Amino acid sequence: MQNHIKDKIEAISARYPDKKSAIIPALDILQREKNNNLSSEDIREVAHYLGTTESRAYGVATYYTMFNVKPVGKYHLQVDTNIPGFLTGADEILKHLEKKLGIKSGQTTADELFTLTEVQDLGSCGTCPVIQVNDIYYENMTLEKTDMLIDSLRKGIMPEPDKTSYYSTECNILLKNRGKENSRSIKTYKSNGGYKTLEKALSMKPSDIIAAVKEAMLRGRGGAGFPAGLKWGFLPKNDDRPVYLICNADEGEPGTFKDRQIMEYDPHLLIEGIAISAYAIGAKKAFIYIRGEFRWIAEILEKAVKEAEDEGHLKYTDIVVHKGAGSYVCGDETALLESLEGKRGYPREKPPFPANKGLYNCPTIINNVETLATVPFIIEHGVEEFRKIGTTGNFGPKLYGVSGHVNRPGMYEFPLGTPLEKILDAAGGVKGKLKAVIVGGLSVPILRADEIKGLKMDYDSCLKAGTMLGSGGIMVINDTVSIPELTLRTIGFYAHESCGQCVPCRKGSHTIKELLKKILHKNGTEEDIELVLKLCRNIKGRTICPTGDAFSIPVEAMILKFRDEFDALVSN
Amino acid sequence: MELKKMIIDEREVFFEEGKTVLQVARENDIYIPSLCYHRKTGPAGRCRVCLVEVEGMRGLQTSCSLPAKEDMEVKTHTEEIIEAQKLFINLLLADGHHNCLSCEANGECELQQACYHLGIEVPAFQVDSLKEDYDDSGEMIRRDPNKCIHCGRCIDACNSVVVNEVLDFGYRGRDVKVICDNDLPMGDSQCVQCGECSQLCPVGAIIDKKSIGKGRTWELEKINTTCPYCGVGCQLTAYVDKKKNHIVKITGREVPPNDGMLCVKGRYGYEFVSHPDRLKYPMIKKDGKHVRVSWDEAIDYTAERIKTIIKRDGPDVFSAFGSGRITNESNYAIMKFTRAVIKTNNVDHCART
Chain A
124 MQNHIKDKIE AISARYPDKK SAIIPALDIL QREKNNNLSS EDIREVAHYL GTTESRAYGV
184 ATYYTMFNVK PVGKYHLQVD TNIPGFLTGA DEILKHLEKK LGIKSGQTTA DELFTLTEVQ
244 DLGSCGTCPV IQVNDIYYEN MTLEKTDMLI DSLRKGIMPE PDKTSYYSTE CNILLKNRGK
304 ENSRSIKTYK SNGGYKTLEK ALSMKPSDII AAVKEAMLRG RGGAGFPAGL KWGFLPKNDD
364 RPVYLICNAD EGEPGTFKDR QIMEYDPHLL IEGIAISAYA IGAKKAFIYI RGEFRWIAEI
424 LEKAVKEAED EGHLKYTDIV VHKGAGSYVC GDETALLESL EGKRGYPREK PPFPANKGLY
484 NCPTIINNVE TLATVPFIIE HGVEEFRKIG TTGNFGPKLY GVSGHVNRPG MYEFPLGTPL
544 EKILDAAGGV KGKLKAVIVG GLSVPILRAD EIKGLKMDYD SCLKAGTMLG SGGIMVINDT
604 VSIPELTLRT IGFYAHESCG QCVPCRKGSH TIKELLKKIL HKNGTEEDIE LVLKLCRNIK
664 GRTICPTGDA FSIPVEAMIL KFRDEFDALV SN
Chain B
56 MELKKMIIDE REVFFEEGKT VLQVARENDI YIPSLCYHRK TGPAGRCRVC LVEVEGMRGL
116 QTSCSLPAKE DMEVKTHTEE IIEAQKLFIN LLLADGHHNC LSCEANGECE LQQACYHLGI
176 EVPAFQVDSL KEDYDDSGEM IRRDPNKCIH CGRCIDACNS VVVNEVLDFG YRGRDVKVIC
236 DNDLPMGDSQ CVQCGECSQL CPVGAIIDKK SIGKGRTWEL EKINTTCPYC GVGCQLTAYV
296 DKKKNHIVKI TGREVPPNDG MLCVKGRYGY EFVSHPDRLK YPMIKKDGKH VRVSWDEAID
356 YTAERIKTII KRDGPDVFSA FGSGRITNES NYAIMKFTRA VIKTNNVDHC ART
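Order-wise, the sequence lines are chains A and B.
Residue numbers for the first sequence follow my numbering, so the first one is 124 and each next one is one higher.
Residue numbers for the second sequence follow my numbering, so the first one is 56 and each next one is one higher.
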């Protein structure tokens, strides 16, 4: 390994309590130095350098999708065909590229200029279709823009990406700085009181901050809605191990693109939230685990952390931005911990819970970006003000991402409990005739058009309506869409993302995918539909992590609610 | 230790604090199908087959990771449990190539045992799955990925039991496979062929090459004995074909001092036992030919020759080599004999050469 590469790896590994944690960043550094490719020899060197086994390093390199153990061309074009992309024409773009470049997905052109890959969920749901070229996201793509992109790349020029996206805010909390010039600079952030709340928090007793967050009933915005203050309260008392705070920024649930809004446009809001929360729980070190595809956002965060450090705001807590490398499952708390320890993203069995045995077996709290970014408001304005927003038991602001068949897909901040219809109106209304809505990211049960009337978008109301608020990623589906096709696309995502650790998820997702393919190709039978339902019923709640639920619940709902469409495919 | 009481399938059973429900069930001969748990590698939670129903707990639980508690009431074969167990095992059967007909694991296979218990004869459904070549590059071990159920026991054994650190999981999702080093053929990897993975594999995915086709497990007599290779005294079981009087296979016994582990010699170096050139009695070369003699004659002859040579050339022409294949006590006697009787310090040991 060349010395300058060693130096880079050395510098990164020094930021972790255990240098094996640096395996993903180290592989990333090496891949960039080696024309975007990783050889077996490179992986072996990383293993030896960081003191891990060759098989473990190779297992890591082949687990995460962003490592290219097979050579790729100069420009790696990745087309996201997941649900929001599928609803907005990503398939046509992929087909167009296949024709234009004369290669299929997974292949490289003879001149080694382009590699084309069909990928699953880049977190660009509101700005679909998206093509990722190396590190850059090209969003809001059309066939015409795709042609222009390829022509430019052929000339060796990476064009400027179109950053247009829709948003609005009724609460003015999480998106308060969104439209401001230089919204991500510390100067802008401080111009209206930024970091004052941190000062206030540092003068409070940590237990009072925890009590305030508990009383505010701030529910985790990652998807489960578990009260953050209660979670913090699970930390063991009188324990001499270090405590870690991890900000989960692995945003990967299809339909979800909310955390990136905060991180990209108001990074200091998140950093202040992390600093307050870390002080409250006694964490001297905090990590932001951000999905690796959001490279430019990670750079924004790193810059912001540096600014905050330079201005003396991070004296209590050291914040490390850690990039993942392509794995949906790493959004699960314990898979994230494994990944941060430099391993494959294999979820752990619970108990023990991370609060007792988390990162490096130490007490650890993992909170979502949006949750942590909400904390400063509670400390600044008090519990009472916070509880004025939203509905009982579901307090505070919420980011709702709307994608699919609406006129203005984008990010809308409303109080929890805002009617879905109001949010859809903010998103410019439905394009065409509404058929169904998935309200909380792909892993929740789909709702038919007739089920959404009067639905309030909060945790309890969604549960009552037979679905879940999840991440608040709303996918709107009009009547041009075939639900069996949507179902196949759904299971395709989870089968691609299953970590492969436990049988029901590894084999179950694949088997359901194959059965649905058979049904869609009109080779299926009534028994095949029943078998899919039986698999869903049995997988639910029986896998190591919630991924089993994440596919069995929506697939089951799609079949049960649109059974006639499936029956029609097997009727002959 | 004070025993606690719990109920499994309406039967009162007693257990020591710290055991899991699966362990308590096994200790009481209650069979719960399970594929990934092994005492030495611990609960893994990967197969999700060892499901049980617990009074007062929502949903089914994996018994391998569930601590047994006082007065816990557990059911192991409700309709709900059996449906899930059958389905998960069928998922494995549907997307793999599990064929018992000439499988070396037949009779000892934990997947087969679970199928038998649940009454699964053929997979209930089938999905297309490619057949992969098996890895025959290892000197002693064959790996057949088509039979692998990804329980991870081999990996945990390699990394945590024998600590050779060669095996791990590679790739993701349905493409997951057990890899050696950088996904090398086993024979090209750093593997020392200790065979712990083969011993812990619950199915026929990792097997001892030398045993292939040499006899089914139930046809062979199992003889417990001590490994003759070194002074550690590892305990092993020799699988013997009585008709041919040949050892067909060796496994380590899970008792002290080796708890099932063996080295490559102990596990695979057994042909010498029935080799025609094996030295079975003392011989002296007479008129250019080795002739069988009695032990007394052999010892007298050797003593006489040593005495003559030392008398003629002095004690330092003599040297003795101890052996790793004999006990410490015997090695001590060699040393004492060399220094005190012969009166030379020329004594060494084969492990140092």
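It is worth saying that the hints were derived from the structure and are not from the lab.
Careful: at least some of the hints might be erroneous.
[As the list claims (entries may be wrong)] Simulated restraints on C-beta separations:
{"no.": "1", "chain 1": "A", "residue 1": "Pro365", "chain 2": "B", "residue 2": "Lys186", "range": "47 to 53 Å"}
{"no.": "2", "chain 1": "A", "residue 1": "Glu649", "chain 2": "B", "residue 2": "Ser184", "range": "47 to 53 Å"}
{"no.": "3", "chain 1": "B", "residue 1": "Asn383", "chain 2": "A", "residue 2": "Asn484", "range": "51 to 57 Å"}
{"no.": "4", "chain 1": "B", "residue 1": "Cys405", "chain 2": "A", "residue 2": "Pro475", "range": "30 to 36 Å"}
{"no.": "5", "chain 1": "A", "residue 1": "Asp441", "chain 2": "B", "residue 2": "Arg380", "range": "53 to 59 Å"}
{"no.": "6", "chain 1": "A", "residue 1": "Pro475", "chain 2": "B", "residue 2": "Glu276", "range": "29 to 35 Å"}
{"no.": "7", "chain 1": "A", "residue 1": "Asn484", "chain 2": "B", "residue 2": "Ser329", "range": "47 to 53 Å"}
[Said to hold, decoys possible] To give an idea of the interface, some chain B residues facing chain A are shown, with a C-beta separation under 8 Å as derived from the structure:
{"no.": "8", "residue": "Cys102"}
{"no.": "9", "residue": "Met112"}
{"no.": "10", "residue": "Leu115"}
{"no.": "11", "residue": "Leu142"}
{"no.": "12", "residue": "Asp150"}
{"no.": "13", "residue": "Pro178"}
{"no.": "14", "residue": "Val182"}
{"no.": "15", "residue": "Leu185"}
{"no.": "16", "residue": "Lys186"}
{"no.": "17", "residue": "Val216"}
{"no.": "18", "residue": "Glu220"}
{"no.": "19", "residue": "Asp236"}
{"no.": "20", "residue": "Asn237"}
{"no.": "21", "residue": "Asp238"}
{"no.": "22", "residue": "Gly242"}
Source: prediction; values computed, not measured.
We put the beta carbon where it would ideally sit given N, CA and C, even for glycine.
Each hint, compared with the structure:
1. Pro365(A) / Lys186(B): 47 to 53 Å: holds, 50 Å
2. Glu649(A) / Ser184(B): 47 to 53 Å: violated, 24 Å
3. Asn383(B) / Asn484(A): 51 to 57 Å: Check failed, 40 Å falls outside 51 to 57 Å.
4. Cys405(B) / Pro475(A): 30 to 36 Å: Taking Cβ atoms as reference, Cys405(B) and Pro475(A) lie about 49 Å apart, which means the hint is violated.
5. Asp441(A) / Arg380(B): 53 to 59 Å: holds, 57 Å
6. Pro475(A) / Glu276(B): 29 to 35 Å: violated, 46 Å
7. Asn484(A) / Ser329(B): 47 to 53 Å: holds, 51 Å
8. Cys102: holds, 5 Å
9. Met112: violated, 12 Å
10. Leu115: holds, 6 Å
11. Leu142: Nearest chain A Cβ about 5 Å off; hint holds.
12. Asp150: holds, 5 Å
13. Pro178: Cβ of Pro178(B) sits 11 Å from chain A, so the hint is violated.
14. Val182: holds, 4 Å
15. Leu185: violated, 12 Å
16. Lys186: violated, 16 Å
17. Val216: Since the shortest Cβ distance to chain A is 15 Å, the answer is violated.
18. Glu220: Given a least distance of 4 Å, the restraint on Glu220(B) holds.
19. Asp236: holds, 4 Å
20. Asn237: Holds, about 4 Å.
21. Asp238: holds, 6 Å
22. Gly242: Where the cut-off is 8 Å and the nearest Cβ of chain A is about 15 Å from Gly242(B), the hint is violated.
Hints 2, 3, 4, 6, 9, 13, 15, 16, 17 and 22 from the list above are not met by this structure, while the remaining hints are.
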